[in-house]
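Sequences and hints are given; from them, build the entire structure.
Take a look at the letters that make up each chain.
6 protein chains.
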Amino acid sequence: MTIRGQIWGEDAEAIERTLEETDADLARYVREFAYEEVMARPGLDLKTRELAAVTALVALGAPKELATHLEGALRVGASETEVRETIIQAALFVGFPRALAAMKLLAAVLHRRGGAEPPAGPI
Amino acid sequence: MTIRGQIWGEDAEAIERTLEETDADLARYVREFAYEEVMARPGLDLKTRELAAVTALVALGAPKELATHLEGALRVGASETEVRETIIQAALFVGFPRALAAMKLLAAVLHRRGGAEPPAGPI
Amino acid sequence: MTIRGQIWGEDAEAIERTLEETDADLARYVREFAYEEVMARPGLDLKTRELAAVTALVALGAPKELATHLEGALRVGASETEVRETIIQAALFVGFPRALAAMKLLAAVLHRRGGAEPPAGPI
Amino acid sequence: MTIRGQIWGEDAEAIERTLEETDADLARYVREFAYEEVMARPGLDLKTRELAAVTALVALGAPKELATHLEGALRVGASETEVRETIIQAALFVGFPRALAAMKLLAAVLHRRGGAEPPAGPI
Amino acid sequence: MTIRGQIWGEDAEAIERTLEETDADLARYVREFAYEEVMARPGLDLKTRELAAVTALVALGAPKELATHLEGALRVGASETEVRETIIQAALFVGFPRALAAMKLLAAVLHRRGGAEPPAGPI
Amino acid sequence: MTIRGQIWGEDAEAIERTLEETDADLARYVREFAYEEVMARPGLDLKTRELAAVTALVALGAPKELATHLEGALRVGASETEVRETIIQAALFVGFPRALAAMKLLAAVLHRRGGAEPPAGPI
Chain A
7 MTIRGQIWGE DAEAIERTLE ETDADLARYV REFAYEEVMA RPGLDLKTRE
57 LAAVTALVAL GAPKELATHL EGALRVGASE TEVRETIIQA ALFVGFPRAL
107 AAMKLLAAVL HRRGGAEPPA GPI
Chain B
7 MTIRGQIWGE DAEAIERTLE ETDADLARYV REFAYEEVMA RPGLDLKTRE
57 LAAVTALVAL GAPKELATHL EGALRVGASE TEVRETIIQA ALFVGFPRAL
107 AAMKLLAAVL HRRGGAEPPA GPI
Chain C
7 MTIRGQIWGE DAEAIERTLE ETDADLARYV REFAYEEVMA RPGLDLKTRE
57 LAAVTALVAL GAPKELATHL EGALRVGASE TEVRETIIQA ALFVGFPRAL
107 AAMKLLAAVL HRRGGAEPPA GPI
Chain D
7 MTIRGQIWGE DAEAIERTLE ETDADLARYV REFAYEEVMA RPGLDLKTRE
57 LAAVTALVAL GAPKELATHL EGALRVGASE TEVRETIIQA ALFVGFPRAL
107 AAMKLLAAVL HRRGGAEPPA GPI
Chain E
7 MTIRGQIWGE DAEAIERTLE ETDADLARYV REFAYEEVMA RPGLDLKTRE
57 LAAVTALVAL GAPKELATHL EGALRVGASE TEVRETIIQA ALFVGFPRAL
107 AAMKLLAAVL HRRGGAEPPA GPI
Chain F
7 MTIRGQIWGE DAEAIERTLE ETDADLARYV REFAYEEVMA RPGLDLKTRE
57 LAAVTALVAL GAPKELATHL EGALRVGASE TEVRETIIQA ALFVGFPRAL
107 AAMKLLAAVL HRRGGAEPPA GPI
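Protein chains in written order, with my numbering: chain A, 7 to 129; chain B, 7 to 129; chain C, 7 to 129; chain D, 7 to 129; chain E, 7 to 129; chain F, 7 to 129.
The set of hints was computed from the structure by calculation and includes no laboratory data. Some clues are possibly wrong.
Straight-line C-alpha distance at most 30 Å; calculated DSBU-like pairs for lysine-lysine [said to hold, decoys possible]:
1. K70/C x K70/A
2. K53/F x K70/F
3. K53/B x K70/D
4. K70/C x K53/C
5. K70/E x K53/E
6. K70/A x K53/E
7. K70/F x K53/D
8. K53/C x K53/F
9. K70/B x K70/C
10. K53/A x K70/A
Here it is in structure tokens:
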């Protein structure tokens, strides 16, 4: 299976279509360079890659891509605990606000995957 | 009163519950380390702390936490003018886009607290 | 025509009103310093200025202001292709997540200006 | 005394000359817009302004300007403790690495002003 | 052994002393909260934690702390290849400039640990 | 001539060697993907691309890569004035500290290329 297939799972077709409609060339770079060339490199297992991706996206504060890779991390074998620990640790390096926003997003991702209702109140 | 009580005011219970539902351990670090240990330190008054928090959050571009601390700054004694000046000054250091986004958020916070209708149009 | 008029086009009145309602002093700095003093300087053409503004806003991840300058770039003479290339190139310097978010925003801007339906699915 | 004079103190002449040699127009905007227009606004005292400037520069990770405003904060009346507290608190919002780098810079600034030897070892 | 001992290795004493001389309270938070509370949590192995720390520090562009955790990652069991892959992957999320700066720093760290001469030329 | 040759000029060989010694795979992505695939795309002229690169690197605060592209912008036909204007404008979007640091770096680049002594004093 492609790296994209492993990370995107059952959303792969929808994500590919959205990418393609957004910009065909940028979509191609995402598919061919980002996923099938760089993320597919040997030397680092895919679970660690996805947890590193989560860390980078917590640092950036990029919610859409973060949601994709929170779910991707779970799909390629990270446990919910490992994802939570990755986010908690990020608070040390990039501060609590980014970590809190990421953790709320994780709650929404877990809910979508069949978990409990995500918290709706203010932070 | 706890530092959290002073900054979160009448929203304290809702914020605590949201934090708890998001991640119990991260919530504990926010409560015990961020608020009751660091923000509670002597040597800097709480109003200046909250205006510094506002500056940090304008720099990050983190709207949820920024709204909390815009309201927190007002609750612990900063005037609306002091908050506006803090945001205007931030434009010098982190640019106009972050300052404009923060000022629009302040308008929403002031409206929620009983002020005029916030501006709804495009920026 | 003022620089604001050239960049904001038919939205100028609405943007001015929103700025004014947000904070009259910050609005004045945006109008008088940012646009009519700095952006109006000779020595760099307005199209290149707007493409540089797009790059800065892709880097920041500031969607509201980015939408304004994506549209502004098109208004002052950048082609859709030039704007797309500016965003694609930004991926090299600030990463794919910021570039993807910007390209989706461009799709929404182009749709508003009479183009095709923007992609609605997940990225 | 100008705001620049208050913040830059005995370094004012050297800073002005460096700015002027760097770019005369950017220097003018720094002097006339940043300092004598925005930083000079009433409604927020200069000590709080400088502590907010310190916070913004810790967030950015901009060592040269941060050194200027660490010293500026001390010149306009902030105590060493208040500056230390501002940096410690910033760790919550932008993470420990930025706060540690800033605190090491403060040690160098204090040393230059006649204090103890700054720490020289690795962090 | 403490988490600090595992990550800092033979530099532990020098780092502790530098931290202590920089600010005793911030040093205590780094030791007690960052390392012995958060980094010491179960649920994520230390090697993955250090590779995530590397990613966060590449994103920030914080060279001192990055050098510490590049070395830390190697000390707690990451291979040179795994560290290189973590940096290469970060280029996708935060751009090539941050990744290049980090990779040059890794060369210096490897040299210090007994490897080949680091590249000295311009990038 | 390759895009790298146009941007790197007489430094091309030294830069290639440094890249290669830093990491052969990352070097290959920089050469083949960043320069000869993305920067080489039609649809945006190379001068505008380099001024956009300068803007992105001012926003990041990445001095090594910024120096490369300040010089690159001049090599592919941007005038000193156009580069200065690009930096001055960036102050609006990412703040004065990043713009000042970039302008000092430009002074050093211009000096290296045969211009006047760069300013040496504090900012």
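Quick rundown of the hints versus the structure:
no. : hint          : in the structure
1   : K70/C x K70/A : holds (16 Å)
2   : K53/F x K70/F : holds (20 Å)
3   : K53/B x K70/D : holds (27 Å)
4   : K70/C x K53/C : holds (20 Å)
5   : K70/E x K53/E : holds (20 Å)
6   : K70/A x K53/E : holds (27 Å)
7   : K70/F x K53/D : violated (35 Å)
8   : K53/C x K53/F : holds (13 Å)
9   : K70/B x K70/C : holds (16 Å)
10  : K53/A x K70/A : holds (20 Å)
Going down the numbered hints, you'll see the structure goes against just number 7.
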